[in-house]
Amino acid sequence: MSAVGTRTRLTVGRIGERVLREDAVPKVTGEFEYASDLSAPGMLWGDTLRSPHAHARIVAIDVSAALRVPGVHAVLTHADVPGAKLYGLEFADQPVLAIDRVRYVGEPVVVVAAEHPEQAREALAAIAVEYEPLEPVVDMERALEQEPLHPDRPTMGHGYREDTRPNVVRHMVIRHGDPAAEGDVVVTAEYELGIQDQAFLGPESGLAVPDGEGGVDVYVATQWLHVDRDQVAPCLALRPEQVRIHLAGVGGAFGGREDLSMQIHGSLLALHTARPVKMVYDRAESFTGHVHRHPARIRCEHRATREGRLTCVRMHILLDGGAYASSSTAVASNAASFAVGPYRVDNALVEATAVYTNNPPCGAMRGFGAVQTCFAAEAQMDLLATELGIDPVELRLLNALEPGDRLPTGQLVTGSLPTKEVIRRAAALPIPGAEAVPRDPLRLPGGAGNTTRGEGVRRGVGFAVGFKNICYSEGFDDFCAARVVLREDGSAVVHSAAAEVGQGVVGVLLQVARTELGTDDVALAPHTTAAVGSAGSASASRMTWMAAGAVRDACRAALEERERQGGRAVDVERVYRHPRTTPLDPETGQVTGDRAHVALAVAAMRVVVEVDVELGLTRVVWIGTAQDVGAAVNPLAVEGQIEGGIAQGLGLALMEEIVTRDGQILNASFTDYLIPTALDMPPVEIELVEVPEPDAPYGLKGVGEPPTVVSTAAIVSALRDATGRPLRRVPVRPDDICL
Amino acid sequence: MRISLTVNGEPREADLWGGESLLTVLRETLELPGSKNACEQGECGSCSVLLDGELVCSCLVLGAQAEGHEVVTVEGLALDDGLHPVQQAFVDAGAVQCGFCTPGLVVAVADLLERSPHPADDEIREALSGNLCRCTGYAKIFDAVRLAAERT
Numbered sequence: 027m028s029a030v031g032t033r034t035r036l037t038v039g040r041i042g043e044r045v046l047r048e049d050a051v052p053k054v055t056g057e058f059e060y061a062s063d064l065s066a067p068g069m070l071w072g073d074t075l076r077s078p079h080a081h082a083r084i085v086a087i088d089v090s091a092a093l094r095v096p097g098v099h100a101v102l103t104h105a106d107v108p109g110a111k112l113y114g115l116e117f118a119d120q121p122v123l124a125i126d127r128v129r130y131v132g133e134p135v136v137v138v139a140a141e142h143p144e145q146a147r148e149a150l151a152a153i154a155v156e157y158e159p160l161e162p163v164v165d166m167e168r169a170l171e172q173e174p175l176h177p178d179r180p181t182m183g184h185g186y187r188e189d190t191r192p193n194v195v196r197h198m199v200i201r202h203g204d205p206a207a208e209g210d211v212v213v214t215a216e217y218e219l220g221i222q223d224q225a226f227l228g229p230e231s232g233l234a235v236p237d238g239e240g241g242v243d244v245y246v247a248t249q250w251l252h253v254d255r256d257q258v259a260p261c262l263a264l265r266p267e268q269v270r271i272h273l274a275g276v277g278g279a280f281g282g283r284e285d286l287s288m289q290i291h292g293s294l295l296a297l298h299t300a301r302p303v304k305m306v307y308d309r310a311e312s313f314t315g316h317v318h319r320h321p322a323r324i325r326c327e328h329r330a331t332r333e334g335r336l337t338c339v340r341m342h343i344l345l346d347g348g349a350y351a352s353s354s355t356a357v358a359s360n361a362a363s364f365a366v367g368p369y370r371v372d373n374a375l376v377e378a379t380a381v382y383t384n385n386p387p388c389g390a391m392r393g394f395g396a397v398q399t400c401f402a403a404e405a406q407m408d409l410l411a412t413e414l415g416i417d418p419v420e421l422r423l424l425n426a427l428e429p430g431d432r433l434p435t436g437q438l439v440t441g442s443l444p445t446k447e448v449i450r451r452a453a454a455l456p457i458p459g460a461e462a463v464p465r466d467p468l469r470l471p472g473g474a475g476n477t478t479r480g481e482g483v484r485r486g487v488g489f490a491v492g493f494k495n496i497c498y499s500e501g502f503d504d505f506c507a508a509r510v511v512l513r514e515d516g517s518a519v520v521h522s523a524a525a526e527v528g529q530g531v532v533g534v535l536l537q538v539a540r541t542e543l544g545t546d547d548v549a550l551a552p553h554t555t556a557a558v559g560s561a562g563s564a565s566a567s568r569m570t571w572m573a574a575g576a577v578r579d580a581c582r583a584a585l586e587e588r589e590r591q592g593g594r595a596v597d598v599e600r601v602y603r604h605p606r607t608t609p610l611d612p613e614t615g616q617v618t619g620d621r622a623h624v625a626l627a628v629a630a631m632r633v634v635v636e637v638d639v640e641l642g643l644t645r646v647v648w649i650g651t652a653q654d655v656g657a658a659v660n661p662l663a664v665e666g667q668i669e670g671g672i673a674q675g676l677g678l679a680l681m682e683e684i685v686t687r688d689g690q691i692l693n694a695s696f697t698d699y700l701i702p703t704a705l706d707m708p709p710v711e712i713e714l715v716e717v718p719e720p721d722a723p724y725g726l727k728g729v730g731e732p733p734t735v736v737s738t739a740a741i742v743s744a745l746r747d748a749t750g751r752p753l754r755r756v757p758v759r760p761d762d763i764c765l
Numbered sequence: 365m366r367i368s369l370t371v372n373g374e375p376r377e378a379d380l381w382g383g384e385s386l387l388t389v390l391r392e393t394l395e396l397p398g399s400k401n402a403c404e405q406g407e408c409g410s411c412s413v414l415l416d417g418e419l420v421c422s423c424l425v426l427g428a429q430a431e432g433h434e435v436v437t438v439e440g441l442a443l444d445d446g447l448h449p450v451q452q453a454f455v456d457a458g459a460v461q462c463g464f465c466t467p468g469l470v471v472a473v474a475d476l477l478e479r480s481p482h483p484a485d486d487e488i489r490e491a492l493s494g495n496l497c498r499c500t501g502y503a504k505i506f507d508a509v510r511l512a513a514e515r516t
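Sequence lines, in order, name chains Y and V. Using my numbering, read the first sequence as starting at 27 and increasing by one per residue. Using my numbering, read the second sequence as starting at 365 and increasing by one per residue.
Keep in mind the hints are simulated off the structure, nothing from the lab. Remember, it's a predicted structure, so these values are computed and weren't measured experimentally. All C-beta atoms, glycine included, are put in the ideal place defined by N, C-alpha and C. Accuracy of the hints is not assured; some may be wrong.
Over 10 Å on every C-beta distance to chain V, these chain Y residues come out as not near it, computed from the model [as the list claims (entries may be wrong)]: (1) 306; (2) 430; (3) 450; (4) 487; (5) 557.
Ranges between beta-carbon positions, derived for each pair [stated by the list, open to error]: (6) 443(V) - 519(Y): 27 to 35 Å; (7) 505(Y) - 382(V): 48 to 56 Å; (8) 406(V) - 144(Y): 16 to 24 Å.
Kindly produce the complete structure, drawing on both the sequences and the hints.
Below is the structure:
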């Protein structure tokens with residue numbers, strides 16, 4: 027895509043226009059203040075002592091030597107946590123600081139504050155923790171038979187299916203039609219995915235400032251300000267309004283900032299020392315400082331008629347949630363709900379189990395459960411196409427899920443879901459012709475290594491389709507607040523706590539306000555819990571939908587109020603809610619109301635790869651995709667989301683994996699954990715398919731996740747075509763594709 | 365120790381500890397936080413600056429090594445009458461999302477176009493392969509490079 031216009035004026039642009047980002051200017055000059063750039067007079071530096079053991083009992087913690095290190099002002103353990111000792115995004119199962127047991131390598135045990143970061147590091151080195159190592163639970167299958175890591179079962183009693191096996195976080199079953207239904211042909215296989223990291227570039231960081239009255243202001247890179255506050259305050263034994271969370275500049279998120287990082291620790295240190303405290307993780311600490319994408323093992327059995335119609339799909343999904351619950355329950359639900367893919371099938375049995383282990387904790391990452399199952403289910407569709415001798419695109423069209431059909435959860439698809447359209451549009455994109463060898467080695471698989479002339483290069487073309495939900499599901503009472511101040515001169519200020527994590531939601535807020543108010547004179551107030559109600563999380567492809575709804579409603583209410591007030595200035599806050607969902611039945615996984623998911627979005631992708639089958643090296647040559655976006659609020663930003671989302675899916679397909687041994691991360695650096703570079707990304711051709719979503723403001727859909735869901739599956743499909751190998755595990759390794 | 369160096373055309377002095385990187389000196393002592401700290405081991409390019417006109421990762425240069433040398437950071441690129449053409453192109457092409465990689469990329473692209481005013485696509489990809497971006501998938505960054513090249 028090369029759609030660069032001439033210089034465009036900033037601070038203009040309404041819904042549907044290609045709008046430039048206002049924050050791009052301070053970002054290109056270096057003036058934009060990220061959380062790691064903050065400072066305050068009298069500031070101390072915080073640091074964290076983390077567990078070197080995946081599983082151990084804490085016998086004793088001796089901090090006396092650390093307290094004697096020059097410049098050290100505080101050395102705090104669990105005993106210094108004044109309020110609740112446990113916290114968590116959904117279930118409070120995680121100690122603020124380890125109490126009597128550590129459950130993963132990197133678990134926080136002690137925090138310190140000192141005048142200089144080096145003094146803080148010295149203090150950490152002076153702390154003596156006596157551990158009694160325990161056998162770590164590191165295999166997700168064996169976890170179901172080993173000693174429970176959380177004997178009190180934090181997720182019990184929350185309406186989930188009862189499952190008494192040890193270490194079950196959630197066991198989810200979707201039983202649809204007759205799961206014993208047969209087909210003329212059956213394809214079965216087992217798939218596996220490694221642990222992927224969000225690898226946002228801006229490390230976890232923040233600044234906690236005591237307010238002198240017992241409360242604290244936290245300036246932090248996060249995704250959900252109000253839920254941070256609601257986790258922080260109880261641990262500090264403070265009222266929610268005594269903890270004010272302010273959004274500092276966020277260097278990417280992708281789900282990895284949904285859970286807390288330094289928020290409670292920094293606040294504890296700040297309140298203890300009565301000084302501002304800054305904490306910045308380095309890259310190695312960042313790898314243990316946030317949750318990751320769940321690794322998975324997925325067994326599939328697809329049954330179909332000779333004509334290619336799916337008759338029954340059976341899938342068994344196991345997800346390693348690591349040491350704490352985080353959002354594992356919702357990831358398991360999503361994995362199960364979207365396991366089959368955007369296909370109509372009358373009979374299905376899908377089981378998803380998330381387990382506790384002593385591996386790094388896993389939680390939200392872009393695609394959220396749907397990435398894992400899309401990889402497996404799309405491989406199955408290719409396998410079925412081969413078995414039946416049907417073109418893979420035709421097979422997908424034949425089974426495509428469309429409005430009027432039912433999901434395996436029994437939910438009737440009522441909104442927009444142009445599955446056939448995205449398949450046809452992606453399949454129709456012309457692929458580039460094969461390039462002759464020898465050629466510039468930069469364009470050979472593996473790049474400029476120059477070890478061969480490309481004699482072993484084989485080309486492959488792949489295809490995949492993926493879908494997932496937009497917004498939160500299963501009865502979560504989701505809402506988003508926005509506040510609009512309309513001045514007498516016609517100008518306006520918008521208050522929102524919608525986290526700008528790089529995706530461009532600040533632009534959306536302004537586009538909506540300009541559109542609704544009919545003026546370009548609109549400014550955004552800083553994002554803070556102190557000035558406006560919750561916006562919910564920048565996740566689940568929900569932020570644009572929810573924030574657009576809230577700002578729209580607040581603008582319309584403000585205009586009406588000003589009319590009533592005879593043109594005087596007004597200040598109006600409104601809360602937007604999407605159509606309500608209800609939980610899935612815990613025994614059958616069937617809907618208990620109209621819907622468990624608010625809306626769906628689908629994307630199809632065609633990929634050309636080259637594989638050097640002598641060297642085991644790959645090159646993605648070209649990617650074409652058609653994505654269902656409802657209505658594009660800002661096509662420039664939508665393209666950016668699609669291109670970036672594809673890059674993360676490419677990473678999972680080809681190179682990204684956190685490698686662990688006995689729970690220890692072996693590659694916690696950008697030297698050893700590789701993410702795609704400018705040389706790894708192919709040109710991407712994008713078709714936006716706009717079928718407005720009836721329940722969404724302006725017909726829009728979130729766009730960030732579908733490209734990540736589908737691209738791993740599509741790239742591996744192409745690798746299979748090039749090599750003839752089954753490739754049932756990602757990331758694909760050189761060994762897997764050497765012939 | 366105390367060092368003297370030129371930063372963005374101005375003579376500066378800095379007190380530093382021997383183990384500090386140039387990146388730390390720029391960010392923490394000279395109050396120029398534009399250069400970013402994403403990996404601090406020379407893999408991501410977010411801390412890219414020009415040292416005597418040569419593109420370097422400032423996290424891999426000791427602060428002490430900068431004694432007597434000339435450093436240009438992202439803060440020193442903008443012109444008196446507005447953005448540097450590369451900065452403007454990044455804004456106009458939609459090449460900025462979270463922006464954490466942007467300062468390093470802007471410096472790297474300015475360096476590339478200085479050496480090669482109209483680079484071919486492969487040359488762009490190779491030149492920027494030391495700058496990681498996690499948000500954009502690089503497509504709009506390539507657009508920005510081509511746009512900046514067209515305009516000069």
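Comparing the hints with the structure gives:
Taking the minimum C-beta to C-beta distance to chain V, about 7 Å, the non-interface status of residue 306(Y) is violated against the 10 Å cut. Separation of residue 430(Y) from chain V is adequate, the least Cβ-Cβ distance of about 35 Å exceeding the 10 Å criterion. Listed as a non-interface residue, residue 450(Y) keeps its Cβ farther than 10 Å from every Cβ of chain V; the least gap is roughly 24 Å. No Cβ of chain V comes within 10 Å of the Cβ of residue 487(Y); the nearest lies about 20 Å off, and the non-interface call holds.
Separation of residue 557(Y) from chain V is adequate, the least Cβ-Cβ distance of about 23 Å exceeding the 10 Å criterion. For the pair residue 443(V) and residue 519(Y), the supplied restraint of 27 to 35 Å holds, since their beta-carbon distance comes to about 32 Å. In this structure, residue 505(Y) and residue 382(V) meet the distance hint of 48 to 56 Å, their C-beta atoms being roughly 54 Å apart. Hint check: residue 406(V) to residue 144(Y), Cβ distance near 21 Å, so the stated range 16 to 24 Å holds.
Checked against the numbered hints given earlier, this structure breaks only hint 1.
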